[in-house]
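Student: Combine both chains into one complex, guided by the hints.
Spelled out, the chains give:
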Amino acid sequence: MSPLASSFLETGIHLLTAAAAGFLAVRALHPPGRGRTAERIGWGIALGLSAIAASAYLATATGIEPRFWFPALLLAGIMLGYFFRTREGAPVPPEDSPARLRPLYALLVAAIAAGVVLYAARALIRPMWSIDFLAIWGLKGRSIFSSGGVPAWLSDSRLAGWSHPEYPLGLPLLYAGTAALLRTWDDHAMALLFPAFQIATLAVLYGWLRRRGTGRGIALCATALLALFEPLYSGFLTGMADVPLALTMLLLGVSLSDALDRTDRRAMARLALASVLASSVKNEGLFLAAVAAALALLSRTETDGGRRRRVALAAILPALLLTAATRASRGSPPLRDFDFGLLAPSRLGEFLSRAAETISVDLNIAGRAWIILPAIAVLLISGLAAPWAGRLLWLAAAALAVYLALPAFAVLGPQWLAETTLFRTSAALAPLAAAGIAGRLASRDAAAER
Amino acid sequence: MATAPGRFDRNYFVFLESARRTLPPGTRGVALYAPGANESAYYLAAYEFAPLPVLLNPPAAPAGWISAAYGPAPRAGGALVRQLPGGSLFSPAPGRTGRAP
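Protein chains in written order, with my numbering: chain A, 63 to 512; chain B, 93 to 193.
One chain only, chain B, in its complex shape (with noise of 0.2 Å):
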């Protein structure tokens, strides 16, 4: 998929199937913070996280959910659960959870 030309930054692809890979057991979605991410950028990581549902950016993830970074960290992180290609995976930071849309 990285592959296909114009299409996605190989990074990206990498840090999304790194995350796939690692994924707590029992999460329920993926937040995931990539500042400046289209929306291709955005079905990539919704088909590379399926079953998983994803929202991009969200002011906090829902609760059962993690919280998947692209480059640096959002300040309001939680515990680091992996360091990871290009991103890191966080715990939703303690009164930072939302509800599920």
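So that you can see chain A by itself, here it is in the shape it has in the complex (with noise of 0.2 Å):
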């Protein structure tokens, strides 16, 4: 066997064995049962991911090889999921085949599959080459698994502020942890990471989708258009954070929805370890948390005040907490591409012109997506409001106005930033966009039915 498909193999079998993990772990977040299999196995993916992340942030703590913790945390997992196993849930609706639509189904999960194969080959075809790769999370997980620590320097914004020091480690320590388990840092192997990514955002969306009632051919059509959606499955965004931040944003998302309606008691665990996947992986995820507790606030499904603000705290503390823990331990460097000076009453006139800018150069790059917009649009007005999808629409939406608004105060100017990430991040929040529409269209579906 050649060094390359020996360092496949033994990779995908570290990830298999996590995700395994993970997915007896889940037992303690999710009840088993048919029809919940697909969801356990995304929410056991990211577990799994996120041991091998941990194992290597405990070995920068402690000194101890990640090699020790690794198996340490599965086992633990494993028993969480045993001895905290729940068996309390809602029914998942049964199964909705008839004879006639089972060939549609067939082709959709072909789909699907064609997705997944496509990504993989796109991620795999070369090691992780993107420029951010280089400069931020590889480099800072190679630097990590090199060394055993995190290096003084990459805090040091004159030797290492365009690797960006304030961006949370998640990642660069799922790299380090990875290689310690290969022992080598082998930049195309690890590029596994993402089509794992990938399959568990595909499988917690169908299986949230199912969960709360969506028909089997809505939630199919939903997960196949992700699968292929290349602006996110890419090989260029391969290596880069997007693609894990997409995961953990649905995760959020499906959580934050299923607390806010009491769907088990496990909720509020899945929501506090969302915020807490969310916020590790980039500055967005606590931008997220912080939305999801205002949703939760704000909530007129959820009568029980106390309990709103319960649902907030689960939503916004973990996050709050991990980001604290990160800039005790690191500082906290200046958002180096942004200048928020610009807010200055005595700035007002520059603010406004780079305002104006901004919009032009965001309806320009809009007008690049001209075939998806209006499908969007024609999709979002074809369902019908139901607050249990629509939760995730407005997470997309305010990450979305975000994203828009940002490139004003960029240091470099708005056409700057937003050449250079608005497509990409945008492109992040698709599934939580595919969540929320499908969600819609069912409910339209369940009206038409009544």
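Hints are computed from structural coordinates only; laboratory data are not their basis. Ideal Cβ placement from N, Cα and C applies to all residues, glycine included. Don't take every hint at face value.
[Said to hold, decoys possible] Here's a subset of chain B near chain A, in silico, CB distances under 10 Å, partners left out:
hint	residue
1	Tyr135
2	Tyr139
3	Glu140
Tutor: Laid out in structure tokens, this is it:
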């Protein structure tokens, strides 16, 4: 076997082991049973990958190798899943597979499989190569792996300001942990992480939609469209934080909705976990957690004010604690790409000029998505309001609004920031949008049946 | 990495990889001299030399660092440490060491 094939095989075995242990650990978060397997697989992958990252973090904190912590964490997760397993939860709607629709369902499943295979091909055809992987995520992961800690110079904005010391370290720790398991830094084999992120996202999307009563056809359509969504699942984004962020934002959204609708007692725990995961990947995760908390406080479906506050706390507190702990250990580097001093009254004219330029640049970039945007509008209009799905759309809308506005504050100008980030950061909102739109369409179907 | 279309010239990648494999033990950082190198080339060097910090074309290499010259050696280079494909490794010239930023 060639060294490359051997490295891929070993990476695959580690990821499968982590996912399998995560699947068992998820029993503490999701009740078992028919109809819940897909969602449990998605959460299981997320938990397994988190264990790899956590093993690297514990290694930096204790000096004991990740190869010790990894099996220890998996074992702890399996035991937690066993001793705290839950059997309580709303029943999953029965299967709806009329014979005439089965060929269509088979076609959609084939489309999902094609999306996974195509992304795997794009992700694995060569080592991770995008500039942000080299300058930010890979650099930090490789530094942590090679030095057994987080080198101090990575927090020094004069030496490494361009690598964004203010970003969370979740993804670099995942790289460092995976490399430690492989005993070498292999930026080709580690690309396998990204198809794993995609599979987890698709599984959670499909499983959650089905559990919340969406028909099989709509759930499969949404999953197939997401699987084939190349702007997110591209070779370029492989290695960067957008693909894992897309997964964690979806986990946050579905957990928030479950917690507000009291689908089961562990929904709140899932929300707290998703809050940690989202804020460990990118700074947007903290922002999304804050938006989730605001949505909980403003919820009109939950009449118990105390419950609304508890959900809000579960959404924001874990993210805040993680961010505070990171800042305490690594300092608070400035956001060097942004100049929020533009909000000062004395610079109002400059700010207005930049705001106008930002709107123009945003519209220009939106024009390139001229096929996608009208399609999204039609789908949104076709559905009916459904709070359980609408919350995910509000999360996506809040993030999109920030992505559209931030170029106005870019030090290098609105054109630069919008051109380099807007398309890919917006693409990471696709899972939230897919879940929200599918939920609205499902509500229309349910209303028609009634 | 060098085969990624349109990214980096292969010789540069070979130079970096050779330099990484032959850095003297105890090196605290790398001063990279690559005239005309753009940001992408700098980021690739930083990635290759991780966990060591890298400065691009600094006026002087900080103490304990090594100079890696892609192409011709800088005039003020110190003692040759190793000849590499496409360049060379130098110890900083006496009296030309600076402070780490």
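Student: Hint by hint, say whether it matches the structure.
Tutor: Each hint tested on the structure:
1. Tyr135: holds, 4 Å
2. Tyr139: holds, 4 Å
3. Glu140: holds, 9 Å
The structure is consistent with each of the numbered hints, conforming to all of them.
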